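A.B. asks: Spelled out, the chains give:
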Amino acid sequence: MSEPELSDFRRAQKRRSIATALVLLSFVATIFLITIVKLQGHALNKPF
Amino acid sequence: MTQTLASNVKAHATAQRAAGWQDYAALLKPRVMSLVVFTALVGYVCAGGTHNPVLGALAVIAIGLGGGAAGALNMWYDADIDGLMKRTAMRPVPAGLIHKDEALAMGLVMSFVSVILLALTAKSYLAAGLLVFTIFFYAVVYSMWLKRSTPQNIVIGGLAGALPPVVGWAAATGTMPFNAWLLVAIIFLWTPPHSWALALYKSGDYAAANIPMMPVAKGPKSTRLQMLIYSLVLVPVAILPAFTGLGGVIYGVVSVLTGAIFLLLAWRVYRSNAGETDGRAEGRALYTDEAADNRPARDLFAFSLLYLTGLFAALLLERGLGLYMPVIGINL
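Protein chains in written order, with this note's numbering: chain P, 1 to 48; chain B, 1 to 332.
Don't take every hint at face value.
[Claimed, not checked] Ranges between beta-carbon positions, derived for each pair:
(1) P:K14 <-> B:N52: 36 to 46 Å
(2) P:P47 <-> B:R148: 48 to 58 Å
(3) P:K46 <-> B:N52: 43 to 53 Å
(4) B:P30 <-> P:K46: 51 to 61 Å
(5) B:A260 <-> P:I36: 47 to 57 Å
(6) P:N45 <-> B:A302: 54 to 64 Å
For the record, the hints were derived by calculation from the structure and aren't laboratory data.
No experiment lies behind these values; they were computed from the predicted model shown.
Beta carbons: idealized from backbone N, C-alpha and C, even for Gly.
When you get a sec, could you build the whole thing from the sequences and use the hints?
C.D. replies: Here you go:
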């Protein structure tokens, strides 16, 4: 692999890593949102 | 010549640019995905009842993600034959933009995420189970088995594309009544005339990839007859929701008018020589084929998209905007 190709490869790899991180974050946020919506008004109630 | 097409395209693509987000989006078959989301949404809305809008939106998005996952798995498995057809040679995997393994990983991860998301947002686990079945049926039964082995590939495999409304319905209520299956039946019966219209004027493409589509395996004349028969069954079935409590007056009018046009176009295809001239000439894109023989098939293909969209949009209008006026008082 030549130097420009290697540089392109690394840039693409970095872009993919950032995209994967954002997707994972949005998945976690979505699960959090579902939990809050399902709890509705009970979200702030303490179980004890 | 066709054997070298994929490698030529691959070399061209890798020399030109690296994969961008739009290539990953293309991997999910966005046009199919939009149809999945739309029909699932109609199933969800027609199911009735009271739903949390956030959970409803997430459930429909989950079904769409499942559709996209199935598309990515299909692109992973079909990379070899996609590379042999002009219509599909520029897809990201055969074009060398995305590695096969990436498509497989994306399809598997998205399948998992979509099913989990639907299980968490739907009324019961039935919807998630149906989504698993849909993805399995499209990726394994259709892509890996039927597509390359029988001219009935899109008939049986069409079930996968037909299921989203019942998945949406089950997500909303946890049930699968007759009316939900009626929506499935409409898409199921619509698939053969729709897909074969395209196959008639792209038969050269399918023959080059050795895919036994109906026009390739049984010839254009037999295909045209079968398209007419399916259309004659489809149109009355598509009118039926107006009498089962699913569709109202607006749906009834839309289904009768567009059904009449659909039948007329199917009759034109039957009477034509569509498919006798294959569409292999250079520069012919998906919706444009200059061969006069193939024009009726091209017209039916284009109208079939409008037909299905019109039927489901009428249901969405009636149920979503409260415009429903029953034709008769039955509700199945």
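A.B. asks: Look at each hint and say if it fits the structure.
C.D. replies: How the hints compare with the structure:
As the Cβ distance of P:K14 to B:N52 is approximately 38 Å, the hint placing it in 36 to 46 Å holds. Take P:P47 and B:R148: their Cβ atoms lie about 56 Å apart, and the range 48 to 58 Å holds. A hinted range of 43 to 53 Å for the beta carbons of P:K46 and B:N52 is inconsistent with their spacing of about 23 Å. Restraint check, B:P30 to P:K46: a C-beta distance of roughly 46 Å breaks the suggested window 51 to 61 Å.
Hint check: B:A260 to P:I36, Cβ distance near 50 Å, so the stated range 47 to 57 Å holds. Checked against the hint of 54 to 64 Å, the pair P:N45 and B:A302 passes, with Cβ atoms roughly 56 Å apart.
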